[in-house]
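Student: Here is what each chain is made of, one letter per residue.
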Amino acid sequence: MKRRQIWLFFIIFLLTLSVYLLINYPLQLGLDLQGGSQLTLQIIKEEGKVTKDELDAVNSVIDRRVNNLGVSESNLQTLGGDQLILELPGEQNPLVASRVLGKTALLEFRTQKAGTSTNLKTLQLQRLNIKEIIDQYSSSEKSQYDENFLKIIQDDLKEIEQELNYYTTSSDLYGKLIEIKKYVDKEITNLFIKTDLTGKDLINAGRRQEQTNSNWEVLLTFSNSGGEKFADITKSIAGTNQLLAIILDGESISEASVGNQFANTGITGGSATISGNFSAENARELEVQLKGGSLPLPIEIVETNTIGALLGSKNILKSLYAAISGLIFVGIFMIFNYRILGFVSVLSLVLYGFFNLALYSLIPVTLTLPGISGLILSIGMAVDANILIFERIKEELYDGNTLTRSIDSGFQRANSSIVDGHITTLLSCFVLFLLGTNFVKGFAATLGIGVLISLFTSLNCSKTILRFFTTYQSLRQKNLYLPRNNFSN
Amino acid sequence: MKYNLELIKNKKRIIGFSTVLILLSLLGIIYSTLYTSYKKPINLGMDFVGGNELRIERVCETECSNLSPDSVYENLKEISKNQKVLNNLKLQFQNNNKIISIRTPYLSIEESNNLISNLDNIVGPLNYESKDSRLIGPKLGKRLLTNCVTSLLVSLFAISLYITIRFDKKYALFALLALFHDLLIVFGIFSWLGITLSVEVNSLFAVSLLTIAGYSVNDTVVIFDRIRENLKSKKEGYNETIQLSVNESFRRTTFTSITTLIPLLSIILFGSYSLFWFSFALSLGIIVGSYSSILLAPSLLLKD
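Protein sequence lines correspond, in order, to chains A and B.
Heads up, the first sequence is in this note's numbering, so the first residue is 6 and it goes up one at a time.
Heads up, the second sequence is in this note's numbering, so the first residue is 3 and it goes up one at a time.
No lab work stands behind these hints: they were computed from the structure.
Each statement offered as a hint is correct.
If you anchor each label on the Cβ, the simulated ranges turn out as follows:
1) B:LEU199 <-> A:ARG410: 51 to 57 Å
2) B:LEU199 <-> A:GLN33: 35 to 41 Å
3) A:TYR171 <-> B:ASN77: 35 to 41 Å
4) A:LEU22 <-> B:ASN123: 53 to 59 Å
5) B:ASN97 <-> A:ILE183: 34 to 40 Å
6) A:GLU256 <-> B:SER200: 38 to 44 Å
7) A:ASN170 <-> B:TYR130: 46 to 52 Å
Derived SDA-like pairs: lysine to any residue, alpha-carbon spacing no greater than 25 Å straight-line:
8) A:LYS187 <-> B:PRO140
9) A:LYS323 <-> B:GLU55
10) A:LYS108 <-> B:ARG145
11) A:LYS186 <-> B:LEU109
12) B:LYS236 <-> A:ASN406
13) A:LYS108 <-> B:LYS141
14) B:LYS92 <-> A:ASP177
15) A:LYS136 <-> A:SER122
16) A:LYS468 <-> B:PHE252
17) A:LYS323 <-> B:LEU286
18) B:LYS236 <-> B:ASN249
19) B:LYS144 <-> A:GLY53
20) A:LYS54 <-> A:PRO303
21) A:LYS136 <-> B:SER110
22) A:LYS319 <-> B:THR64
23) A:LYS323 <-> B:GLU131
24) B:LYS172 <-> A:LEU431
25) B:LYS141 <-> B:VAL156
26) A:LYS319 <-> B:TRP279
27) B:LYS141 <-> A:LEU302
28) A:LYS156 <-> A:GLN141
29) A:LYS234 <-> A:THR194
30) A:LYS205 <-> A:GLU51
31) A:LYS446 <-> B:THR152
32) A:LYS319 <-> B:SER67
33) B:LYS172 <-> A:SER421
34) A:LYS234 <-> A:ASN269
The beta carbon of each residue, even a glycine, is placed where N, CA and C say it ideally should be.
Please build the complete structure, drawing on both the sequences and the hints.
Tutor: Next comes the structure, spelled out in structure tokens:
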């Protein structure tokens, strides 16, 4: 008698605790329920595995870039050994983030090889030509289906190809244009020699609008040693016709000459500006990238999911309908078939629901759509244990045993089947959680937690509730435990 | 107790029926591998092959104007620049033209945004709050596929190991046979759905197979437990005891299946569209799983 009461109080205590937790620590909703974007970034490494240090380094660069972008409430986490997941809640456009994050942003300062001036001029001219053609092609609307227009562009391209003695192999026109642009960029970069001044020597970056026109320029501030290197480099080419190139990810974004007046000291002061026809947006992106530093390994955005906020709240509502209607119909089915026992299982199901949700907010588990379906599915599994027990109890009752005895041996004899069945499901959940993607993990987590809790609620809680009921004489009639049709024969 | 399934009499029929189901599934899988455009045992969705999936609602006053996918396609052709996208674009209207859903090969976020603004010009205004867009790179797709197949194999192995340790060999063998029977049939049905209705499978399908595996084994274990228990107290012959045990557990197994099917049915009816085929696969698995636990696995145990 005493032990029974302790259990009852324990269960009531747990229920109160769950309600308290749920009120004070609301559930975390996944992006498919609250709306937002999720980007999966894959670290690219040609050979070998990405090491922990490399992962951390990439993580911190991305983290700095995200912070500098001023995205609110973003969440960055690593997945597996070589992926990062960035979540942007709400209606934030993933486009800007993707542009800023995807670039390696490796900044280099290079000096021109002597005697390549003519070569460079030709290439610069072609680069300008190609840029114009691409601009024309992509700004035109219907016109690219106009045969004449296409012909002109194709002819222009052919001319450039002949000039450069490089022939593109892409299948479509746009691809060809991009290909030749890359070729020219590479050729230009090859005319410059690496120096030891790189993005690592920066301590800050900024941007401002140029005074003469509406273009933007990006300001670089070097560290002390970086400033000295910059002075040395500029000194070495001052007054010559060799240019200084600023190269970002292998593409030269600015080529400038250094005037004769710097021949003695080089450009001192520890700062430089890049003015390469930046729009306000481009300047800001470059600023954020340079501030965050360059990525030790290139990354690629391999997945982007975006869910509108309205759709998210609709998803919550739909899941709620599904969960509640599932619960109600299961309840009706159980009460219809098992009468008082069915009622007990409904009570323990309600407890089950509360315990589950409380644990989600405690761990915390972020609720997603697959997560909710795991929860709803586990309702069925939780009831399964009850059915096993109740069938046994009924059998014992049919065999003429007393109610108390039937209940005791019913719980006892169903035990091993219940544990076996739960273990196989837990095995599946465990594997899913270890190997699955983010999406799948949500399902595995809620189903697994559900299976564990249902062991407790279906074995302990239903037993305690049932024993509590049977302390009332009026609830001890056998016919309350057996369906009417069965009892009649 | 109230049920009297004549397992012994119908052994041949049950095994025959399952054999037919398995052959049909295999036929679907082979047909799908050889004669479909995708040449895979099952129609892999964009989780596994990469691509862009977009679903967005239109803002309409009362009723959405009638539009044919072809006319939208024609318009899109005029304003869009990316040939690659246009050549492999699938466009559908749902819900009385209110919802547009589009599938294309993999696009960058920028290209996808362009596509949406082009659509806005043609069929707009669009409700961006209702947008559901997924972009998956082909690299990630391949990785997901390997991931899913590994998870399936590892957990099947773990379950097999557990069953073999827990039961003696014969029981373990038949429980596993029933399990693979269930998985093969669900897989086969989705092969056929892919062939006939172009239903695709995504990573959630792999999840449903895994869940079905756990569930099917659970069901079989309960019945085998009962058989073992009854054989110990042996009142009747071997075959009769098996038949009795099955009839004793019949209620439990069907009831459990029903209580699991009810929530699944409510997800199918009320839940989000993204969970429809997932719940469908699970429901199928539970139905096939109950059949194999009640009728097939015990029939295999029967002696001639």
